[in-house]
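Residue 30 is where the sequence shown starts when you use my numbering, and the numbers rise one by one after that.
Incorrect hints may have been included.
Here are the simulated SDA-like cross-link-like pairs (lysine to any residue), alpha carbons at most 20 Å apart as the crow flies [unchecked claim]:
1) Lys85 - Leu69
2) Lys58 - Ser36
3) Lys85 - Lys102
4) Lys44 - Val60
5) Lys58 - Lys85
6) Lys85 - Lys96
7) Lys44 - Ala32
8) Lys85 - Thr73
9) Lys85 - Lys46
10) Lys85 - Gly68
11) Lys85 - Val60
12) Lys85 - Leu66
13) Lys58 - Glu91
14) Lys85 - Glu43
15) Lys58 - Tyr109
16) Lys46 - Tyr34
17) Lys85 - Arg70
18) Lys58 - Lys39
19) Lys85 - Gln57
20) Lys85 - Ser59
21) Lys102 - Phe72
22) Lys46 - Ser36
23) Lys39 - Gln57
24) Lys85 - Arg51
25) Lys58 - Gly68
26) Lys85 - Leu65
27) Lys46 - Ile62
28) Lys46 - Gln57
29) Lys96 - Thr111
30) Lys102 - Ile87
Ranges between beta-carbon positions, derived for each pair [what the hints assert, rightly or not]:
31) Glu71 - Gln38: 16 to 24 Å
32) Asp107 - Glu54: 55 to 63 Å
33) Ala81 - Lys58: 52 to 60 Å
34) Ile75 - Glu37: 51 to 59 Å
35) Tyr109 - Ser59: 14 to 22 Å
36) Arg70 - Ser36: 47 to 55 Å
37) Glu49 - Val83: 34 to 42 Å
38) Thr73 - Ile108: 27 to 35 Å
If you're looking for bench data, these hints aren't it; they were derived computationally from the structure.
For clarity, every value in this text was computed on a predicted model and none was experimentally measured.
Note that the Cβ used here is the ideal one computed from N, Cα and C, for glycine as well.
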Amino acid sequence: MAAEYESEQKELLEKVKEEEQRLSEMEQKSVDIHLLLQGLREFTDIRELTPAIVNKLIRRIEVHNPKKKHTQKSVMVDIYFTAV
Numbered sequence: 030m031a032a033e034y035e036s037e038q039k040e041l042l043e044k045v046k047e048e049e050q051r052l053s054e055m056e057q058k059s060v061d062i063h064l065l066l067q068g069l070r071e072f073t074d075i076r077e078l079t080p081a082i083v084n085k086l087i088r089r090i091e092v093h094n095p096k097k098k099h100t101q102k103s104v105m106v107d108i109y110f111t112a113v
């Protein structure tokens, strides 16, 4: 009986740990979304893309090597927004 109790207690402790991890992840996502919305509200009427706006809304921009397609060159660009 004690072995069953200890086994159940161990399982419950593991479940609590997993749920605490999930809660932590959800809280972080909530904070990230809040920060993104705050930044977007601040820049709702953008007339010009300034370095301050780019730094606030974009975490990083990756520009890949150009690819030649017939006579035109195309370049792939990945934009990583903050809090997304």
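Verification of the supplied hints:
1. Restraint check for Lys85 and Leu69: the C-alpha separation of about 9 Å stays at or below 20 Å, so the hint holds.
2. For a cut-off of 20 Å, the pair hint linking Lys58 to Ser36 is broken: about 33 Å separates their Cα positions.
3. Restraint check for Lys85 and Lys102: the C-alpha separation of about 30 Å exceeds 20 Å, so the hint is violated.
4. Taking the CA atoms of Lys44 and Val60, the gap is about 24 Å. The hint is violated against a cut of 20 Å.
5. The hinted pair formed by Lys58 and Lys85 meets the criterion: a straight-line CA distance of about 17 Å does not exceed 20 Å.
6. The straight-line distance between the Cα atoms of Lys85 and Lys96 is roughly 30 Å, outside the 20 Å bound, and the hint therefore fails.
7. The hinted pair formed by Lys44 and Ala32 meets the criterion: a straight-line CA distance of about 18 Å does not exceed 20 Å.
8. Note on Lys85 and Thr73: the hinted pairing holds, with a Cα-Cα distance of about 13 Å set against a maximum of 20 Å.
9. For the proposed pair Lys85 and Lys46, the alpha carbon gap of about 34 Å is over 20 Å, so the pair is violated.
10. Restraint check for Lys85 and Gly68: satisfied, since their Cα atoms lie roughly 7 Å apart, inside the 20 Å limit.
11. Distance restraint check for Lys85 and Val60: the Cα-Cα separation of roughly 15 Å lies within the 20 Å cut-off, and the hinted pair is therefore satisfied.
12. Distance restraint check for Lys85 and Leu66: the Cα-Cα separation of roughly 11 Å lies within the 20 Å cut-off, and the hinted pair is therefore satisfied.
13. With a CA separation close to 23 Å, the supplied pair Lys58 and Glu91 exceeds the 20 Å bound.
14. This hinted pair does not check out: Lys85 and Glu43 have alpha carbons roughly 39 Å apart, beyond 20 Å.
15. Between Lys58 and Tyr109 the CA atoms are separated by roughly 16 Å; this keeps the pair inside 20 Å, and the hint holds.
16. Note on Lys46 and Tyr34: the hinted pairing holds, with a Cα-Cα distance of about 18 Å set against a maximum of 20 Å.
17. Among the hinted pairs, Lys85 with Arg70 is consistent with the structure: their alpha-carbon atoms are about 12 Å apart, no more than 20 Å.
18. Distance check on the hinted pair: Lys58 and Lys39 sit about 29 Å apart at the alpha-carbon level, beyond 20 Å; violated.
19. Under the criterion of a C-alpha separation no larger than 20 Å, the hint pairing Lys85 with Gln57 is consistent with the structure, at around 18 Å.
20. A hinted pair counts as satisfied when its Cα atoms are at most 20 Å apart, and Lys85 with Ser59 qualifies at roughly 18 Å.
21. A distance of roughly 33 Å separates the Cα atoms of Lys102 and Phe72; the hinted pair therefore is violated under the 20 Å criterion.
22. Straight-line distance between C-alpha atoms of Lys46 and Ser36 comes to about 15 Å, which keeps the hinted pair within the 20 Å bound.
23. At roughly 27 Å between alpha-carbon atoms, Lys39 and Gln57 are farther apart than 20 Å, so this suggested pair is violated.
24. A hinted pair counts as satisfied when its Cα atoms are at most 20 Å apart, and Lys85 with Arg51 does not qualify at roughly 27 Å.
25. For the given pair, Lys58 sits about 15 Å from Gly68 by alpha-carbon distance, which is consistent with the 20 Å threshold.
26. Distance hint between Lys85 and Leu65 is fulfilled; the C-alpha atoms sit about 9 Å from each other, no more than 20 Å.
27. Between Lys46 and Ile62 the CA atoms are separated by roughly 25 Å; this puts the pair beyond 20 Å, and the hint is violated.
28. At most 20 Å may separate the alpha-carbon atoms for a hinted pair to count; Lys46 and Gln57 meet this at roughly 17 Å.
29. Restraint check: the Cα-Cα separation between Lys96 and Thr111 comes to about 28 Å, which exceeds 20 Å; the hinted pair is violated.
30. The straight-line distance between the Cα atoms of Lys102 and Ile87 is roughly 25 Å, outside the 20 Å bound, and the hint therefore fails.
31. A hinted range of 16 to 24 Å for the beta carbons of Glu71 and Gln38 is inconsistent with their spacing of about 49 Å.
32. Range check, Asp107 to Glu54: Cβ separation about 24 Å, and the 55 to 63 Å hint is violated.
33. The hinted window of 52 to 60 Å between Ala81 and Lys58 is violated, with their beta carbons roughly 25 Å apart.
34. Between Ile75 and Glu37 the Cβ separation comes to about 57 Å, which falls inside the hinted range of 51 to 59 Å.
35. For Tyr109 and Ser59, the Cβ-Cβ distance of about 20 Å falls inside the hinted range of 14 to 22 Å, so the restraint holds.
36. For Arg70 paired with Ser36, a C-beta distance near 51 Å keeps the hint of 47 to 55 Å intact.
37. The hinted range of 34 to 42 Å is satisfied by Glu49 and Val83, whose Cβ atoms lie roughly 36 Å apart.
38. In this structure the hint that Thr73 and Ile108 lie 27 to 35 Å apart at CB is violated, the actual value being about 19 Å.
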